[in-house]
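Chains as they are written, first to last, in our numbering: chain V, 33 to 546; chain W, 28 to 338; chain Z, 4 to 364.
Source of the hints: derived by calculation from the structure; they are not laboratory data. The beta-carbon is built from N, C-alpha and C at its ideal position, and this holds for glycine as well. Misleading hints may appear alongside valid ones.
Unchecked claim - A few chain V residues that face chain Z, going by a derived Cβ cut-off under 10 Å, partial list only:
| no. | residue |
| --- | --- |
| 1 | ARG365 |
| 2 | GLY369 |
| 3 | MET386 |
| 4 | ILE403 |
| 5 | PHE407 |
| 6 | SER437 |
What the hints assert, rightly or not - Only part of the chain Z face toward chain V is listed, based on derived beta-carbon distances under 10 Å:
| no. | residue |
| --- | --- |
| 7 | PRO44 |
| 8 | ILE48 |
| 9 | PRO240 |
Said to hold, decoys possible - Computed footprint of chain W on chain Z; a stretch qualifies when at least three of its residues, placed anywhere within it, have a C-beta under 8 Å from a C-beta of chain W:
| no. | stretch |
| --- | --- |
| 10 | 95-108 |
| 11 | 161-171 |
| 12 | 328-342 |
For reference, the chains in residue letters:
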Amino acid sequence: MRRRGGWGLKALLEIDGVTKTYPGVVANNSVSFSVGENEVHALLGENGAGKSTLVKMIYGLVRPDSGVMRFQGGTYAPASPHEARRAGVAMVFQHFSLFEALNVAENVALGMEEPPPMRTLAARIAEVSEEYGLPLDPSRVVGDLSAGERQRVEIIRCLLQDPKLLIMDEPTSVLTPQEVDILFETLRKLREEGTSILYISHKLEEIRALCDEATVLRLGEVVGNVDPKTDSARQMAEMMVGASLMTPSRDSGSFGEAKLEVAGLSIASSSPFGTSLRDVSLTVRAGEILGVGGVAGNGQDELLAALSGEALSTPGTLKLSGQDVSALGPNARRALGLLAAPEERLGHAAAPDMSLVENALLTGGVRKKLIASGFLKWTEARRFADEVIGQFDVRTPGADHAARSLSGGNLQKFVVGREVLQAPEVLVVNQPTWGVDAAAAASIRQALLDLAAGGAALVVISQDLDELMEISDSFSVLSEGRLTQPRPAAGLTVDEIGLMMGGAHDMGVAHAAG
Amino acid sequence: MTDLAAINPTLLVFALIVASTPILLAALGELVVERSGVLNLGVEGMMIVGAICGFAAAYESQSPLLGFAAAALGGAALSLIFAFLTQFLLSNQVATGLALTLFGLGLAAMLGQNYSGEAVPATPRLNLGPISDIPFVGRVVFGHDWVVYFSLLMAALVWAFFKYTRPGLILRAVGENHDAAHALGYPVVAIRVAAIAFGGAMAGLGGAYISLVRVPTWTEGMTAGAGWIALAIVVFGAWRSGRVVLGAYLFGGVTILQLNLQAAGVAMSPELLSASPYLITIAVLVVISADRSRAALNAPAALGRTFHASS
Amino acid sequence: MIRLERRSEPNRLFAGITPVLAVVATMIAGGAMFAALGADPFVTIRTIFWDPLFSEQFASYSRPQLLVKAGPLILIAIGLSLGFRAGVWNIGAEGQYIMGAIAGAAVALAAYPLEAVWIFPAMILAGAIGGWAWAMIPAILRTRFNTNEILVSLLLVYVAEQVLASASTSWLRNPEGAGFPGSRNLAQYPSAANNEIIAGTGMHWGVAAAFIAVIAAYVLLSRHILGFNIRLAGQAPRAARFAGVSPNRLVLICFGASGALAGLAGLYEVAGPARQISIDFNVGYGFTAIIVAFLGRLHPVGILFAGLLMGLTYIGGELAQIMLGLPAAAIQSFQGMLLFFLLAGDVFTNFRVRFGGRVAA
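Build out the structure end to end from the sequences listed, making use of the hints.
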């Protein structure tokens with residue numbers, strides 16, 4: 033394989049032949065690459081390509097089975113994150129390593145090896161956060177912060193230790209486009225000051241905008257090094273995926289009558305750090321797909337719960353084909369044709385330890401008539417489960433296996449397929465392809481498009497803007513529990529979307545005025 | 028014949044403090060355990076084992092101090108069974124805690140079969156000469172044995188531990204989000220085992236205070252639900268040490284008051300009076316937990332959840 | 004180094020054999036404990052597990068006792084297992100057992116000395132309602148005020164014990180009992196007595212009720228939507244709400260069912276083997292049933308066997324007490340130990356144990 037040449041910089045971190053296996057999976061197979069000094073190095077790959085395992089080894093959370101790492105020329109084998117931090121490696125996690133009930137300063141202190149006294153630390157946080165344009169109040173409780181602010185806490189925590197290498201695991205998945213710009217400014221500034229950055233992502237455009245060099249991983253192996261400034265996105269994508277993809281096709285026709293009408297829906301969140309829905313209104317017509325974008329934690333879970341019937345709303349706020357369903361629970365709504373697929377597969381959409389047959393029964397009982405006067409019809413339930421498995425190409429040895437034994441992509445296909453095969457009038461899905469491999473994601477999107485083509489109305493909540501642009505007819509954004517007025521998706525620019533994400537209420541007013 | 032005048036306020040407050048101390052000790056221990064994200068329902072079992080270990084050691088050595096030391100060791104040893112099962116074998120914390128209580132009650136009864144009716148040397152009260160002779164204050168504030176002061180000192184130390192020290196911060200972090208704490212490199216299991224052992228030792232001391240000072244003798248099942256009350260007081264105290272002190276003294280007050288009322292022959296059924304501490308504890312729990320958002324905010328977020336590092 | 008690896012799904016083989024392994028491990032550890040107490044471990048184990056059923060000297064007396072002891076344990080454990088499966092922790096069955104007994108006995112004593120066929124059915128109803136009502140206190144506090152049901156149900160045991168003391172010393176006391184505490188002897192009141200259905204077997208109406216409860220629970224859990232919802236709520240609470248299960252309703256149902264069954268157990272006990280309300284009427288069945296429920300894997304058929312086994316240790320324990328002078332508490336520790344080993348064994352169901360850690364290169 034090609035060793036780094038490039039800018040004639042010497043290597044800061046070298047990974048040489050590192051292998052890590054888990055039972056049944058080779059997470060990393062003889063991976064080698066190096067990160068130079070003053071370099072932003074991208075680690076590119078699909079979900080499940082082995083990126084996370086690799087950075088966990090660099091950060092001392094996981095030990096490699098074989099292979100060598102070198103840092104600043106010396107042998108580097110951190111036994112714990114403490115050792116990694118002492119050596120000068122810091123990490124910003126994808127799912128934040130933060131403590132919601134503690135304040136910013138306490139959170140920062142927990143990520144440092146030898147933190148100064150709290151008062152000094154608070155002053156340092158204020159100072160450094162100003163310096164890098166990431167304002168942050170040290171005394172605020174993290175649970176009250178937005179996703180973008182939380183990421184600042186993580187970044188500040190790293191910066192206070194003057195790291196030589198900063199690892200960032202999918203940092204932009206929770207940010208608005210404007211926040212991404214700010215982040216990139218910060219990272220460029222850091223590089224100028226002499227910090228190297230290992231940037232993990234599967235978003236090609238970001239890598240082109242930011243990184244000096246990229247290593248592409250697929251199925252745990254390095255498939256090549258590319259120069260993101262010169263190589264095309266298409267080349268990188270093909271390397272990453274290793275196959276050509278089925279792209280969904282959309283027959284954008286005219287829409288039918290309104291199926292789902294939401295007017296002035298407000299629901300207080302049930303969890304202390306959740307987001308309450310505020311005055312949400314939307315209409316979806318037969319054959320239409322409404323894409324709901326927005327940064328995670330802005331009321332997505334709450335919106336799904338309000339539509340699925342897990343949370344009830346005041347009468348008159350929610351109508352299904354003209355009938356008021358605001359006071360009906362999930363099963364009554366299912367009977368009328370309003371179905372939902374939540375984001376969290378294990379534990380919400382499906383029960384992890386239950387078999388696929390039981391999971392088919394979980395939502396299919398009403399519409400598929402799997403229950404007769406309280407008693408379960410196991411034969412019919414099995415038939416339904418097999419139908420989902422067959423039609424949606426769910427890879428499993430059989431319907432008797434537990435949901436948690438399936439891979440993320442296969443379980444997601446099962447969850448979406450389970451709802452689609454119940455012939456919904458309205459289907460609400462949250463993050464339909466989150467953490468799913470590209471092939472499965474494409475087939476799930478196609479299934480959603482087919483469903484809409486068949487006359488159903490769909491609400492697709494997602495944080496993946498590319499996905500929403502691909503399948504939506506109209507588009508709106510959730511921000512702090514408010515929903516912008518839906519607009520036709522065709523012709524929307526990234527800047528416009530960014531503005532919508534920044535402040536939904538302002539945007540709504542501006543739009544109404546204009 | 029009611030004779031409320033026979034109730035001596037000095038003795039009443041003094042007895043209140045004595046009645047509160049075992050619960051305070053056990054509740055402070057459980058407070059630390061729960062702050063680390065572990066729910067140990069075995070407090071009653073650890074207390075009763077502490078009670079018999081303390082009694083037996085004090086009887087054999089004729090030294091109450093050695094008795095308390097043995098009680099702390101006994102409670103901690105028993106709690107390590109819980110720690111091993113829940114932290115290493117990942118068993119359900121509720122079920123394991125119950126098992127610990129059932130086992131502890133049986134074990135203590137077995138260990139104690141030869142000690143019924145025996146007596147132990149008394150734990151001396153502090154004697155500060157003239158200060159201890161001041162009416163009311165002398166007796167109530169300066170007239171206790173060392174364990175009472177120790178329990179209040181522990182309350183202050185626990186408070187300071189969480190407020191000012193880094194280990195305290197780390198322990199809270201583990202109880203808040205064990206996955207994040209693990210990702211930052213903190214040894215979640217080791218920290219929790221240490222907290223559980225501390226909780227066991229404190230429960231053991233609380234039990235010993237019952238068998239060595241409050242009663243002082245050994246009878247089977249003598250803790251009579253004190254461990255469960257301690258658990259309730261941790262909820263009442265919203266996982267804060269100052270409020271736990273308040274809760275323990277409140278409960279001690281109710282217990283002593285009802286005993287005095289019974290002795291004074293108040294026209295109420297003695298059974299109702301005997302049940303009143305439990306009924307009042309339930310009532311207080313209801314009031315505290317009715318405010319859902321506040322109760323949820325204070326509880327450690329990872330409480331009772333099993334931690335298994337996936338990597 | 005030993006490491007645990009989560010299995011991709013629970014291992015059914017281990018789920019089945021863990022209880023057997025736990026019993027064997029408890030016999031070994033218990034044997035060591037008995038040896039430490041100065042008893043011959045082999046003789047002790049034989050006395051507890053073998054002699055009550057097969058010794059020529061004792062079996063004729065103790066064999067029927069097996070059903071007498073196992074009946075209430077099974078009845079209570081079946082109810083508790085529903086809640087435990089749903090993540091609803093009723094650990095105050097002892098109190099519900101007492102209240103059921105008091106309510107049932109109160110009906111009989113109110114009717115005394117009338118002889119009528121409706122009295123026993125009325126007592127059964129009252130017993131179930133008594134236990135149910137006592138269980139509704141923690142259940143309603145939980146659903147209305149979010150109060151911890153574990154603590155409330157447990158604290159109510161101590162309150163129930165005071166009610167029992169009050170009943171046996173004052174308002175249910177036998178007026179012809181020469182001032183001694185305790186109610187009339189229900190065994191001497193034909194309309195209220197819970198007699199053996201088949202003489203000499205220990206099979207009384209409570210045992211029959213326990214068998215019926217086992218069958219009903221089995222059908223409920225494997226065939227009925229309510230049983231499905233109970234299992235779902237325990238395994239994945241959020242998925243249960245998504246499936247339309249109301250958590251509050253489930254709390255009320257589980258507490259109600261377990262309270263009513265515990266109350267029934269109390270009623271059958273007071274009208275049968277115990278004969279009367281007395282201060283020391285309750286002997287801890289409500290707590291031992293928790294062990295029975297877990298030992299039976301929260302499965303109705305498992306609970307049937309676990310109840311019989313626990314009943315055996317009670318009888319065997321008494322025998323060991325008489326024959327070998329073993330303290331009564333030893334058997335209680337023995338039972339607690341069994342639960343520990345069982346919980347420890349669960350690890351093999353969900354995890355694979357790997358020996359030999361890998362050293363970082």
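Do the hints match the structure? See the list:
no.: 1; hint: ARG365; result: holds (9 Å)
no.: 2; hint: GLY369; result: violated (15 Å)
no.: 3; hint: MET386; result: holds (6 Å)
no.: 4; hint: ILE403; result: holds (5 Å)
no.: 5; hint: PHE407; result: holds (5 Å)
no.: 6; hint: SER437; result: holds (4 Å)
no.: 7; hint: PRO44; result: violated (39 Å)
no.: 8; hint: ILE48; result: violated (36 Å)
no.: 9; hint: PRO240; result: holds (8 Å)
no.: 10; hint: 95-108; result: violated (count 0)
no.: 11; hint: 161-171; result: holds (count 6)
no.: 12; hint: 328-342; result: holds (count 12)
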